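Novice: I would like the entire structure built from these sequences, with the hints used as guidance.
Going down the list, the sequences are from chains B and S. Be aware that the first sequence starts at 1, since it is given in my numbering, and climbs by one per residue. Be aware that the second sequence starts at 1, since it is given in my numbering, and climbs by one per residue.
The reader is advised that the hints may include incorrect statements.
DEER-style ranges, computed between Cβ atoms [unchecked claim]:
hint: 1; chain 1: B; residue 1: G207; chain 2: S; residue 2: A53; range: 54 to 60 Å
hint: 2; chain 1: B; residue 1: R199; chain 2: S; residue 2: S46; range: 21 to 27 Å
hint: 3; chain 1: B; residue 1: F222; chain 2: S; residue 2: L16; range: 27 to 33 Å
hint: 4; chain 1: B; residue 1: I318; chain 2: S; residue 2: A53; range: 56 to 62 Å
hint: 5; chain 1: S; residue 1: L16; chain 2: B; residue 2: K237; range: 25 to 31 Å
hint: 6; chain 1: B; residue 1: G211; chain 2: S; residue 2: R73; range: 49 to 55 Å
hint: 7; chain 1: S; residue 1: Q62; chain 2: B; residue 2: L374; range: 54 to 60 Å
Simulated coverage check for chain B against chain S, where a stretch passes if three residues somewhere in it have a Cβ under 8 Å from a Cβ of chain S [stated by the list, open to error]:
hint: 8; stretch: 117-128
hint: 9; stretch: 165-179
hint: 10; stretch: 194-205
hint: 11; stretch: 234-245
hint: 12; stretch: 276-288
hint: 13; stretch: 305-313
hint: 14; stretch: 369-379
Just so you know, these hints were derived from the structure itself, not from any lab. Remember, it's a predicted structure, so these values are computed and weren't measured experimentally. The beta-carbon is built from N, C-alpha and C at its ideal position, and this holds for glycine as well.
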Amino acid sequence: MRGVSLPRILQGLMMNLNRFLLGLLLLAAPAAWASEDVHSAEAHADTAAVHVEEHATEHGASHAEEAKEGFDPATVIMHHIGDSHGWHLFDWNEHPVSIPLPVILYTDNGLVVFSSAEFHHDQEGTHVVEAGGQRFVNIHEKIYYASDVANEHGVYADMDHETHEVANAKPWDVSITKNVAALLFAAIVILALFLSTARSYKKNPNGAPRGLAGFVEPLVVFVRDDIAKNNIGHHYKRFVPLLLTIFFFIWINNLLGLVPFFPGGANVTGNIAVTMVLAVITFVVTNINGNKHYWGHIFWMPGLPVFVKPVLAIVEFIGIFTKPFSLMIRLFANITAGHIIVLSLVSLVFIFETVWVSPASVLLTLFISVLELLVAALQAYIFTLLTALYIGSAVQDDHH
Amino acid sequence: MGIVTPGFGLIFWTTLTFFILLFLLAKFAWKPILKAVQEREEAIDSALKAAEAAKAEMASLQSSNEQLLKEAREEREQILKEARALRDKTIADAKTAASEEAAKVLDAARAQIHNEKMAAMTEVKNQVAQLAIDMSERILRAELKDATAQKAMIDRAMEDVKMN
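Specialist: Written out as structure tokens, the structure reads:
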């Protein structure tokens with residue numbers, strides 16, 4: 001089956017590409033921070049959550065001090081690829097200029113809404129915001145209920161001395177963060193793009209596609225024929241809208257992430273929450289539509305000796321979860337890696353503190369950006385293709 | 001914020017946005033676009049089929065035209081042949097009739113000529129007989145002018161009778 005081998009090949013290719021990119025990063029940046037960063041970038045696939053968390057809280061204060069003295073690319077990059085409550089545009093006379101975004105908290109006493117500007121760019125928990133009769137602090141872009149008094153560092157929160165994590169309780173945070181704002185902007189772009197395309201079909205039915213339709217139609221037909229029809233089989237029709245939405249959602253968000261200035265540049269598809277939602281959708285759609293044949297192949301694989309079947313059932317059962325999990329990690333890692341590399345290359349000028357390194361920096365950034373354009377489309381394609389493949393395995397009829 | 005810890009807010013907003021997007025796009029974008037694309041594909045398909053059918057029809061029309069032409073040619077041939085035969089027959093008939101008539105006329109003429117000849121012969125015979133009678137009368141008269149001649153004559157006649 002061509003449909004199976006192609007994504008495998010691409011998958012292998014992408015992994016190689018990632019290694020190549022990470023290698024490039026190692027070469028390009030000073031070993032001191034680069035190895036640390038690459039380490040965290042590589043490790044996030046398994047247990048990096050704890051690592052990065054520790055790293056951030058432990059060295060948070062020292063980072064802040066360093067930032068005053070010199071440039072710390074790791075902090076800048078980590079801030080960029082993470083989420084934040086305000087949309088930081090640039091620094092002006094050493095003062096950060098941000099677009100304030102609404103902070104929406106679901107607390108024990110109901111919804112509380114205030115502007116992110118009220119934190120005055122504080123991310124260390126030293127500035128308390130009072131809203132709705134409650135007090136909040138922002139510590140590394142997480143919002144906690146503030147303690148009554150500040151500790152010895154001036155932070156209105158209590159640290160757990162063993163885990164080095166903030167011990168304070170957290171409200172449910174459903175703020176319009178930078179990523180949410182970028183996501184909504186992308187949604188508007190997508191809607192504008194495709195609704196106007198649909199209108200042009202109403203105006204010009206059965207004619208040759210013109211303008212936007214001429215651009216969109218080959219992509220739509222590609223998703224319908226090469227992704228959906230080839231991998232799902234003759235039940236493909238009802239999955240086409242979902243696959244089209246996934247494809248364009250990922251692609252447009254990837255592309256907007258490559259735009260270096262507002263309203264692009266947010267790391268939406270490189271955020272694990274976004275890729276997790278997409279992967280969960282794939283997981284749910286695949287398993288809801290799983291037929292007798294699909295479950296039969298998972299729990300009692302036909303055509304094998306009986307003593308192998310239970311072993312394989314365990315493997316296949318784990319496979320149900322690892323498949324969407326790999327989707328989540330692949331998209332997240334690829335897009336995040338791209339953002340890290342571009343930022344690292346841009347940071348070269350500030351690390352070497354000389355303008356003479358800028359030609360290399362700009363050329364390498366240009367090269368990586370062009371590569372990222374390809375990756376943006378490729379990752380959208382792979383995610384959609386694998387989703388179609390998983391759905392196809394769940395709905396295909398019993399014939400071999 | 002740990003980059004691999006999914007934030008609740010972003011999960012919430014992504015889910016909400018994605019499903020609103022899915023609903024709106026499915027209803028107002030994918031449905032009309034896919035429908036239009038499919039309709040156009042079908043239109044192109046049916047147009048191609050119609051062209052194919054027209055081509056086939058044209059070909060069959062041409063072959064039937066040729067058939068018709070062939071038949072017409074054969075019929076013309078037939079008619080010409082018949083006409084030629086008729087003409088030949090008419091000429092032959094006319095010839096026969098003419099020769100018969102001519103023969104008839106000739107026969108009649110010959111018969112008449114024969115009759116005329118016979119009549120003429122009879123006339124001539126009669127004339128000759130009359131002439132002979134007249135001559136004999138005159139000879140007899142001359143011969144039998146004197147009585148001796150008459151006696152001699154009667155004697156000869158008597159002798160003939162006696163011999164009988």
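Novice: Work down the list of hints and note, for each, if the structure agrees.
Specialist: The hints, checked one at a time:
At about 24 Å, the beta-carbon gap between B:G207 and S:A53 misses the expected band of 54 to 60 Å. Between B:R199 and S:S46, the C-beta spacing of about 26 Å keeps the proposed range 21 to 27 Å intact. Distance hint check for B:F222 and S:L16: the Cβ-Cβ separation is about 28 Å, which falls inside the suggested range of 27 to 33 Å. In this structure the supplied range 56 to 62 Å holds for B:I318 paired with S:A53, their Cβ-Cβ distance being about 57 Å.
A hinted range of 25 to 31 Å holds for the C-beta pair S:L16 and B:K237, which are about 26 Å apart. Take B:G211 and S:R73: their Cβ atoms lie about 60 Å apart, and the range 49 to 55 Å is violated. Our hint of 54 to 60 Å for S:Q62 and B:L374 holds, since their Cβ atoms are close to 56 Å apart. With 0 residues having a beta carbon nearer than 8 Å to a beta carbon of chain S, the stretch 117-128 of chain B misses the requirement of three or more and the stated coverage is violated.
Judged by the Cβ-Cβ criterion of 8 Å, the stretch 165-179 of chain B is covered by chain S as claimed, because 7 of its residues qualify and three suffice. Counting residues of the stretch 194-205 of chain B whose beta carbon lies closer than 8 Å to any beta carbon of chain S gives 7, which reaches the threshold of three, so the coverage claim holds. Judged by the Cβ-Cβ criterion of 8 Å, the stretch 234-245 of chain B is covered by chain S as claimed, because 5 of its residues qualify and three suffice. Counting residues of the stretch 276-288 of chain B whose beta-carbon sits less than 8 Å from any beta-carbon of chain S gives 4, enough to reach three: the coverage restraint holds.
With 0 residues bearing a CB less than 8 Å from a CB of chain S, the stretch 305-313 of chain B misses the requirement of three and the coverage assertion fails. Given a C-beta distance limit of less than 8 Å, the hint that chain S covers the stretch 369-379 of chain B is violated, as 0 residues qualify and 3 are needed.
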